[in-house]
Each structure stands twice: as structure tokens, then as C-alpha cells.
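J.: Here's the letter readout for the chains.
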Amino acid sequence: MSQKIIMNFTVPGDDFTRAGEASSAVKRALKQLGLNSDVIRRVAIAMYEGEINMVIHANGGEIVVEIGSDDVQMILTDHGPGIQDIALAMREGYSTAPDEVRNLGFGAGMGLPNMKKYTDEMTIDSIVGQGTTVRMVVRVPQS
Amino acid sequence: MTVRELTEKTGWAVLAGQDALSREIDGIYCCDMLSIAMGRAPADSAWVTVMANVNTLAVAVLADVACVILAENVRPDDATVAKAQEQNVALLQSGMPVYETARRVESARDH
Numbered sequence: 001m002s003q004k005i006i007m008n009f010t011v012p013g014d015d016f017t018r019a020g021e022a023s024s025a026v027k028r029a030l031k032q033l034g035l036n037s038d039v040i041r042r043v044a045i046a047m048y049e050g051e052i053n054m055v056i057h058a059n060g061g062e063i064v065v066e067i068g069s070d071d072v073q074m075i076l077t078d079h080g081p082g083i084q085d086i087a088l089a090m091r092e093g094y095s096t097a098p099d100e101v102r103n104l105g106f107g108a109g110m111g112l113p114n115m116k117k118y119t120d121e122m123t124i125d126s127i128v129g130q131g132t133t134v135r136m137v138v139r140v141p142q143s
Numbered sequence: 001m002t003v004r005e006l007t008e009k010t011g012w013a014v015l016a017g018q019d020a021l022s023r024e025i026d027g028i029y030c031c032d033m034l035s036i037a038m039g040r041a042p043a044d045s046a047w048v049t050v051m052a053n054v055n056t057l058a059v060a061v062l063a064d065v066a067c068v069i070l071a072e073n074v075r076p077d078d079a080t081v082a083k084a085q086e087q088n089v090a091l092l093q094s095g096m097p098v099y100e101t102a103r104r105v106e107s108a109r110d111h
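Taken in order, these protein sequences are the chains called A and B.
Its first residue numbered 1, the first sequence is counted upward by one per residue in the working numbering.
Its first residue numbered 1, the second sequence is counted upward by one per residue in the working numbering.
So that you can see chain B by itself, here it is in the shape it has in the complex:
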């Protein structure tokens, strides 16, 4: 499933990184501690978090995740959105809590 297909199935907003929507999602990862996510987020995964700052984007790029999904309708500041755009990272926003967001990604992938 691509990031675009995920957004079509869930209706989640794309806040930045429209050019990265063709990336394939392989796995789901949930974590808010950047120090942990940096080492453990699998490449190509959909990373669900409520941590929305510019460093989240730096970690997303280094870990090479397919997309970042901000749960709980967390709103990033303008600098974070600009960074996602600049680094070409698909930045999505879900209104659900982290666990439900991850489960929704999984069900979207399976159906």
C-alpha cells in the first residue's frame, strides 16, 4: 500500500510531502521518544507519533520512514511543515489516538 492509498482510505490530511505519497508502506511503528525512534523505526514504515517538532522530521529522514502520521490531531508548527516539505517527507494527520491510528493503518493495508 502506498502512502497515497492510505490517505484515500482514511481521509487523513496531508500536511506536507505530496511528492512522497507514492512511497510504499512496509510496517507500522509507534514511538514518541525520538532517541528511541531514531534507532528502531524500520525503514519504509509508517511512523505514528504525537511528537511534532522539526527534529521529528530529521529522525524521519534519517530512519527513512515512508511517512509520519501525527495522531490526536496534533498540529505541527510552520517550521515543521516547511521542513517536511523541504525534506520531502509525507506528513499526515489523524484525529485518532496513537494505537487506533496504527490499527487503522493496518486495516487499510489488509483491505
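For reference, chain A alone in the conformation it holds in the complex:
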């Protein structure tokens, strides 16, 4: 794979039934490219968490995925309220999700920790009142 494959997605806000469509599409693409199953699982989980976060907190957003021979990069951008305290948001179990979201099985405060856990690099840039950009990288082991 000499050239990067770029995939763009729009995540709709407040629509839990469609959350996961982008990560499923990326998962399918990675499978077709024959990437190792651990990389596929890590990318899919991290990206799905990001999608869910966008739906819960930011009324949707955009995701750009770059698939290269060395790594898979995901850039998630939203124009939501931003994150007040990133260190607190990264703490396992901390969540600001409303009750109706918890009733669907989310809001355990595992989103950002899972994203960090399943990726090799993760950076969060957030401005309160303007939005958040999360960049995640999963490296592809070279055989």
C-alpha cells in the first residue's frame, strides 16, 4: 500500500441508531485490505467510542480516516461544547452523559479511556464553546 487511503464520514447528531456506521465501514475496509485482526479491532473500538461521544456530547461531527502501510490515523472533529477538564474526562468512570444515554448502555465513563487504551497515540485539542478534535493513531505491525 504505497498511497494512503482516505475515508471521510459525517456523524449525525442525536441518532444512536446510526452510530457505528462509520466504524463498521472502516472495519470492512481494513478487512478487505487484509490488515491484522488486532489492528482492525483496536481501530474499530476506538473509532466507535469516538462516534458515540460525538453523538452524545457534540451533536455529531466529521471523521477523517487515513489508512497507510505503517498506521491508521483517525481525526475526529466536532463543533460541540468542548471539554472543560480533559484530565478529568480521561479518568475511567467519569461521565457527563445524561440518564437517557445511560439507559442505552453507554455513559460508563469508558469512552476516552478506551480510545487511549486501544490506540498507540491519542491527542485531544478542545476549546470550550468551540469544539474538540481528537487524533488517534494505531500502528500496523510490520512483518
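The hints are simulated quantities; they were obtained by calculation from the structure and are not laboratory data.
Fair warning: this is a prediction, and the values are worked out from it, not measured in the lab.
All the given hints hold, so there is nothing to weed out.
Calculated pairs, EDC-like style, for lysine to aspartate or glutamate (alpha carbon to alpha carbon, straight line, at most 20 Å):
1. K31(A) / D44(B)
2. K9(B) / D19(B)
3. K31(A) / D64(B)
4. K31(A) / E21(A)
5. K117(A) / D71(A)
6. K9(B) / E24(B)
7. K116(A) / D38(A)
8. K31(A) / D70(A)
9. K117(A) / D64(B)
10. K31(A) / E86(B)
11. K116(A) / D70(A)
12. K116(A) / D71(A)
Short derived list, chain A residues pointing at chain B, Cβ under 10 Å:
13. R18
14. G20
15. S23
16. S37
17. I40
18. R41
19. A44
20. Y48
21. G107
22. M110
23. K117
Which chain A residues stay away from chain B? Per the calculated CB distances, all over 12 Å, these:
24. I6
25. F9
26. G13
27. N59
28. V64
29. T77
30. P81
31. G82
32. A87
33. L88
34. E121
35. I127
36. G129
37. G131
38. V137
39. S143
Idealized CB from N, CA, C, for every residue including glycine.
Once you've looked at the hints, dock chain B against the given chain A.
T.: Just chain B now, kept in the frame of chain A:
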């Protein structure tokens, strides 16, 4: 043990995903919080839960579990069954509580 063998031994209903019944089950996982299951459900496991919504299916696909078993006779809505069919996820239904369902999977595997 395949998912089909599990259904034959337990009599549990197959609500969707008939084409996925040949998958091998390797392990059992119980959890209702999707945020936790997403990161921790082992691939190829039988996932026992009472959380029956379309997002359960999205997590099942991403975690690549062998099947989803809805305990307590929980009935999914039509959209969830359709999603399982579309995503080819074996969706089973047990009348037992979560713990007993998991134990039944284990005994089916051992005998």
C-alpha cells in the same frame, strides 16, 4: 462448540443471524454496559446481556463476538432484529437470568 450446537443443546430461540450459527464459541462474557463490553468482550465469545438495542449489535460486530444471547426472555425491537440479520450476528434468546444463562453455555460446552 458452535453456536448451532449451543442452540441444539439448550433449545434457545434464534432470533436472527442464522448464517452465523457455524461460528465457534470461545469463552463467555456477561455485561450490560455497552461502553465496557465494547472494550472487554473477547472476540469469539458468547456475550450474555439484557441490553437489547441496535447499539448492542454494533458493539457485537465491533468486538467480533460469536453470538449475542439475550437473557431473561428480553425481546428486542424489530430494528434490532433487522440489524442482527443485516450484520449477520447470531442473536439468541434465553429465558434464564444472566448468570444461569452463562452457566448453561458453560455446561453445554463441557458436555
